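With the hints as your guide, set chain B onto chain A.
For the record, the sequence lines run as chains A and B. Going by UniProt numbering, the first residue of the first sequence is number 1, and it counts up by one from there. Going by UniProt numbering, the first residue of the second sequence is number 1, and it counts up by one from there.
If you are wondering where the hints come from, they were derived from the structure by calculation, not from laboratory data. Possibly wrong hints are sitting among the right ones.
Derived list of chain A stretches under chain B, where covered just means 3 residues or more per stretch with a C-beta under 8 Å from a C-beta of chain B [stated by the list, open to error]:
no.	region
1	57–64
2	109–123
3	226–233
A short list of chain B residues far from chain A (calculated; beta carbon distances all over 10 Å) [unchecked claim]:
no.	residue
4	R19
5	I236
6	R275
7	F289
Derived CB-CB ranges, DEER-like [claimed, not checked]:
no.	chain 1	residue 1	chain 2	residue 2	range
8	A	L19	B	E179	45 to 55 Å
9	B	E179	A	L21	30 to 40 Å
10	A	Q43	B	K286	51 to 61 Å
Keep in mind that this is a model prediction, so the values were computed, not measured. Glycine is no exception: its CB is placed at the ideal position from the N, C-alpha and C atoms.
In case you want the letters, here they are:
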Amino acid sequence: MPVDTKRVRGPEESQSPLLFLPSIAKKSVAAERGRQDGRRRGQADVRPVFARCGLVSQAKGSAYIEAGNTKLICSVFGPREAERKDEAGASSGRLLCDLRFAPFSCPNRGAWIPSSEDKDTAQGLLEALRPGVRLHRYPRAQIEVNVLVLENDGSALAHAITCASMALADAGIEMYDVVLGCSLRLDGNSFLLDPTLQEETAGEPGAQGSVTVALLPSLNQVSGLQADGDMREDTLAEAVRACMEGCHKLYPVIQRALLRAVHKRASPSES
Amino acid sequence: MAAVQVCEAEKVYIMHGVRDDLRVDGRGCEDYRHMEIETDVVSNTDGSARVKLGYTDVLVGIKAEIGKPKPAAPDEGYLEFFVDCSANATPEFEGRGGEELGSELSCTLYKVFNNVNSLELRALCIAPREHCWVLYVDVLLLQCDGNLFDAISIAIKAALFNTRIPKVTITEGEEGGAELELSDDPYDCVRLNVENVPCIVTLCKIGHRHVVDATLQEKACSVAGLLVSVTHKGTITCVRKVGGGSLEPESIFEMTETGKRVGKALHAPLMKLLRDEEAQGKQRQKVGFLG
Chain A
1 MPVDTKRVRG
11 PEESQSPLLF
21 LPSIAKKSVA
31 AERGRQDGRR
41 RGQADVRPVF
51 ARCGLVSQAK
61 GSAYIEAGNT
71 KLICSVFGPR
81 EAERKDEAGA
91 SSGRLLCDLR
101 FAPFSCPNRG
111 AWIPSSEDKD
121 TAQGLLEALR
131 PGVRLHRYPR
141 AQIEVNVLVL
151 ENDGSALAHA
161 ITCASMALAD
171 AGIEMYDVVL
181 GCSLRLDGNS
191 FLLDPTLQEE
201 TAGEPGAQGS
211 VTVALLPSLN
221 QVSGLQADGD
231 MREDTLAEAV
241 RACMEGCHKL
251 YPVIQRALLR
261 AVHKRASPSE
271 S
Chain B
1 MAAVQVCEAE
11 KVYIMHGVRD
21 DLRVDGRGCE
31 DYRHMEIETD
41 VVSNTDGSAR
51 VKLGYTDVLV
61 GIKAEIGKPK
71 PAAPDEGYLE
81 FFVDCSANAT
91 PEFEGRGGEE
101 LGSELSCTLY
111 KVFNNVNSLE
121 LRALCIAPRE
131 HCWVLYVDVL
141 LLQCDGNLFD
151 AISIAIKAAL
161 FNTRIPKVTI
171 TEGEEGGAEL
181 ELSDDPYDCV
191 RLNVENVPCI
201 VTLCKIGHRH
211 VVDATLQEKA
221 CSVAGLLVSV
231 THKGTITCVR
241 KVGGGSLEPE
251 SIFEMTETGK
261 RVGKALHAPL
271 MKLLRDEEAQ
281 GKQRQKVGFL
291 G
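Next comes chain A alone, as it looks inside the complex:
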């Protein structure tokens, strides 16, 4: 683009106007008894979830999930021949995870190039999914999982896990179990299950923590666990239990969505 040197251009680095707003994030939700969307604190109260499979026609399997305003789309490609052949683990397949936040998904605009934060989230997703997939059935193959966060209103990783496992199931990849994710925000002495973005960022620092659990519900195995913040050990145990309860609440919804996808695929003329 030609640059008009006579014009005063804006600063090269731009910042979100939200930064200059006086302490929007500092407004504590701790004072309130309940939560803004009417859910209760300290209860396994997850947001209502809408989930559908098979919306990306090009992909082997795909899924869309919506929880409150958090919206994610995931597509699965493969199994296809592995690109990297030097791997010692030729006897089992490789699972590749890519997770991106759309630039407009968060209040502050993100860059197209994945930041280290994105890569870390993708790593967490991979850790959570891998125990659920029967990778030894796909020697020398790779399975690609791509997640795009369209709108981030909190608990993005947890819903990405659920969405990705639905897409894997939709792609017909052999799995031990579906993987369900649930997050929790520790806020002082109580916890907020499945927090919104505002709940994730609000509150005074120090008394905060966040926990994300991935669960294989019918095997009762925890396939992923990430916890940050400053917490006591018993608080952590309690938080993990609450997250597991949250996962179990999600289970019937996901099962129904998967069943629906199977029915649809069996008789494409109907529906």
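Okay, now just chain B, sitting in the frame of chain A:
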């Protein structure tokens, strides 16, 4: 990660040993290997430390530079972590081979230190919105024999203890702007309070039990592990599940409990060691890289 070949018979041997609380090198399930720590090993850094844990060898150098505070935290300095996997450790790290492991390690370090209590970041601020100290924490893996996280976290804590940041004074410039002035007295410096810096304890699940400080052979026998970062007070600042497998909920609770106990016990001797070493001052015999 450097790979070792462990056959089925060896695996069974290791697993049976762990079941009876006796590991291949004679340790119990909650024992660390022999550890050697030396600080102030690299003269060009502001703080450095080298940690040897069995055959795992880690070198950490910290450089302080003046940068601009992040807009989200205008009155705080920040830390940057880089982990470099040297090809000395294993030929697999040659070229870009170690990049994946390096970025995974540095991501975890960011998470562990992303906590208001771990380090007083306000002390790194020089002038709000204008200048702050940026601590570049560069980790070099010289040898890998399992349990990288624990060795790195201990080395970082030791290096931060050793870090001396020059004092900076702000004076009014001639044209009204602020001018930074660096003190040229090498003893006129700021130390960091590392009391709250957490240490990472990695636990590997082997059979029905879990072990602390697993060697590569032991790691090959375990499908999943838990990484717990613990402060000296025993609070848990970060937990990650690592490895390809899944864990039972009950064993997670057991493992965090062990992690907390082991991690808490790690801090006091470490701090004592660092203080003792510093008290020796210039008389200390430097061991260096051949020790």
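Each hint, compared with the structure:
Against chain B, the region 57–64 of chain A contributes 0 residues with a C-beta closer than 8 Å to a partner C-beta. That does not satisfy the three-residue criterion, and the hint is violated. Here the region 109–123 of chain A counts 4 residues with a CB under 8 Å from a CB of chain B, which clears the bar of 3, and the coverage holds. Evaluation of the coverage hint for the region 226–233 of chain A: fulfilled, as 8 residues show C-beta separations to chain B shorter than 8 Å, against a requirement of three. The beta carbon of R19(B) sits about 21 Å from the closest Cβ of chain A, which is more than 10 Å, so the claim that it is off the interface holds.
The non-interface label for I236(B) is inconsistent with chain A: the shortest C-beta to C-beta separation is roughly 6 Å, within 10 Å. At roughly 25 Å, the least C-beta separation between R275(B) and chain A is larger than 10 Å, which holds for a residue marked as non-interface. Annotated as non-interface, F289(B) keeps its C-beta farther than 10 Å from every C-beta of chain A; the closest such distance is 31 Å. Judged by the Cβ atoms, the range 45 to 55 Å given for L19(A) and E179(B) is violated: they are separated by roughly 27 Å.
Checked against the hint of 30 to 40 Å, the pair E179(B) and L21(A) passes, with Cβ atoms roughly 32 Å apart. A hinted range of 51 to 61 Å holds for the C-beta pair Q43(A) and K286(B), which are about 59 Å apart.
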